[in-house]
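Novice: Chains as they are written, first to last, in the numbering used here: chain A, 97 to 512; chain B, 6 to 229.
Calculated from the structure, these hints are not laboratory results.
This list has only true hints and no planted wrong ones.
List of simulated lysine to aspartate or glutamate pairs, EDC-like, C-alpha gap at most 20 Å:
hint, chain 1, residue 1, chain 2, residue 2
1, A, K472, B, E224
2, A, K472, B, E148
3, A, K472, B, E87
4, B, K70, B, E87
Note that the coordinates shown come from a computational prediction; the quantities given were computed from them, not determined experimentally.
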Amino acid sequence: MELMYVYIGLAALFGLFMAWGIGANDLANAMATSIGSGALTIKQALLVAAVFEFAGAVLAGGEVTSTIRKGMIDTATLVDQPDTLIFGMLAALLAAGVWLLIASRKGWPVSTTHSIVGAIVGFAVVGVGADAVQWAKVGTIAASWVVSPLIAGIIAYFTFTSIKWLILIRPDPLVRARRYAPMYIFIAVFLIVLMTLFKGLKHVGLELDTASCYAVAFCFALLIAIVGRWFIARIPIDEKANRRFHFYTVEKVFAVLMVITACSMAFAHGSNDVANAIGPVAAVISIAQEGVVGQQSAVSIWILILGGLGIVAGLATYGRKVIATVGSHITQLTPSRGFSAEVAAAFTIVFASSTGMPVSTTHTLVGAVLGVGMAKGISAINLGIVGRIFLSWVITIPAGAILAIIFFYILRAVLG
Amino acid sequence: MANYFSKIFGASPVGPIQEHMELCYEAAKELITFFDYVAQSDWDKVQDSRARIVQLENEADEIKKQVRSNLPKSMFMPVAREDLLELVLVQDRIPNRARDVSGLVIGRKMEIPVAMHDPFLKFVSRNVDAAKKARKTIRELDELYETGFRGAEAELVESLVDELDQIENDTDDMQAGLRAQLYAMEEDLPPIDVMFLYRVIEVMGDIGDMAERIGRRLEVMMAH
Chain A
97 MELMYVYIGL
107 AALFGLFMAW
117 GIGANDLANA
127 MATSIGSGAL
137 TIKQALLVAA
147 VFEFAGAVLA
157 GGEVTSTIRK
167 GMIDTATLVD
177 QPDTLIFGML
187 AALLAAGVWL
197 LIASRKGWPV
207 STTHSIVGAI
217 VGFAVVGVGA
227 DAVQWAKVGT
237 IAASWVVSPL
247 IAGIIAYFTF
257 TSIKWLILIR
267 PDPLVRARRY
277 APMYIFIAVF
287 LIVLMTLFKG
297 LKHVGLELDT
307 ASCYAVAFCF
317 ALLIAIVGRW
327 FIARIPIDEK
337 ANRRFHFYTV
347 EKVFAVLMVI
357 TACSMAFAHG
367 SNDVANAIGP
377 VAAVISIAQE
387 GVVGQQSAVS
397 IWILILGGLG
407 IVAGLATYGR
417 KVIATVGSHI
427 TQLTPSRGFS
437 AEVAAAFTIV
447 FASSTGMPVS
457 TTHTLVGAVL
467 GVGMAKGISA
477 INLGIVGRIF
487 LSWVITIPAG
497 AILAIIFFYI
507 LRAVLG
Chain B
6 MANYFSKIFG
16 ASPVGPIQEH
26 MELCYEAAKE
36 LITFFDYVAQ
46 SDWDKVQDSR
56 ARIVQLENEA
66 DEIKKQVRSN
76 LPKSMFMPVA
86 REDLLELVLV
96 QDRIPNRARD
106 VSGLVIGRKM
116 EIPVAMHDPF
126 LKFVSRNVDA
136 AKKARKTIRE
146 LDELYETGFR
156 GAEAELVESL
166 VDELDQIEND
176 TDDMQAGLRA
186 QLYAMEEDLP
196 PIDVMFLYRV
206 IEVMGDIGDM
216 AERIGRRLEV
226 MMAH
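Build the full structure now, drawing on both the sequences and the hints.
Specialist: Pasting the structure below:
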């Protein structure tokens, strides 16, 4: 392991590169909804994204990192050749990062999750052998790509339908919005905090029993709901912009809720997508440091922090512009709709993260938007584009795999 | 750089449809001025008024095309695409009829018999009332989308459509009255003028009919 520092340095560099790419591009989809609906300004969104991406990565990103690091390859076959796994993981990182860059330039809809999974499987099949791939696990991951948009869509459908029945179709929607909005805040915060507590806090060295988890989540959700209620009560009725049913002001109430879901989305994105960049880094570092493959130690918190920093850097340098562009294009998603879609997507992603499933943030959000559309919430959805987004993984997986194989051979020739 | 997530949101047809209806109503309203000048036989002013109607009709046509091109088959919407296309088509017939009727009158420099002035102008104005009520219901379209075409807002639109039907009934009665009046006077008027007067009354009455059909389209949308 004389090249240990070279490997660690390269892993950190490639990992940062990919995290930067995710922050610059992918994150825009998660945040832009809140900007498009006018709930947050760009500056506020950047702040929310920085804080909650980071929190999501550190508090809830560990499980997915583990999956990426050691869930897909049977490391038993690699005990004698740690270098192969290091080259493979470096190649996978580089492949996913480069593919992300090419696709972003060309405007293709790609998923970082799909490219990194494709890259790891690709290198494993060619570099080690098809037997080394944990096909059952990879199959489960592929299934989660179908299931996650579906679940998000169903949750979004019922969330928006409940908003419609409790608030929008009533003769007094504004009174009802003020009454029910804190309830929605409570439920959203409670569920997301609960899922994080159940799975996440091991990595920061905090273990809670089930009852404490419920108690902490309950108190936290209640606190946020009370704060939200205070803000909602202070929203003035804009008489000029209002007509009989005050929908303008009703949407202003939901804008408060969208601040909460923006935080949740950033948290969810951090919990899932940071792992894509950081999983392979974690693998390389642990092998390089210990010289063995297949150890069981937990993901070091410092690696998660590195991923979080990379994403925030991407956001700060380039993501700002992308978020502004995307946000200005999705004005159709008014706060009542945006809330339904985001809360469903955030819930689904955090749930997936807690079970270690790397899912696509964008796909899950698109599924949620379709769910709101099914509940007659959106005036026009372009199904052609939706189809192209979901079909993109047909291209992304082989592209990631082929690039990873090429980089694997190059790295092995140069360093091996 | 293209972003696919934002592209899944198609252009909402609501704004353009409302804008279109505003122009349709303006064109119908101009007929009041138009027939006032016809009654006074002030043909210069009649020409000016006709020019405004044609102008409004052209503008409405542009928006109609824009709405259509923004409604490709791949759009997934809370209302059937056909219902929206039909709505715009019906709306668009209002300025078309305004242009037709003003064209008929100008082409033959038609005089409306003095005895019919008062009831005819009232008939015109009632048809314009129908178009105005149709505009009022279309102005609720964004709120209908907000509520998913259900509940209190839908009931409000239902009641507006009922009022619209009432006005259209009035125009039908007035139209029958005008025809009867014209029939009684037929003998004393040049036959070709009479033929064209019947035609003017008929085309004018179409405006009320089209306004009523706008209400029907909204009812169909709410029934889905």
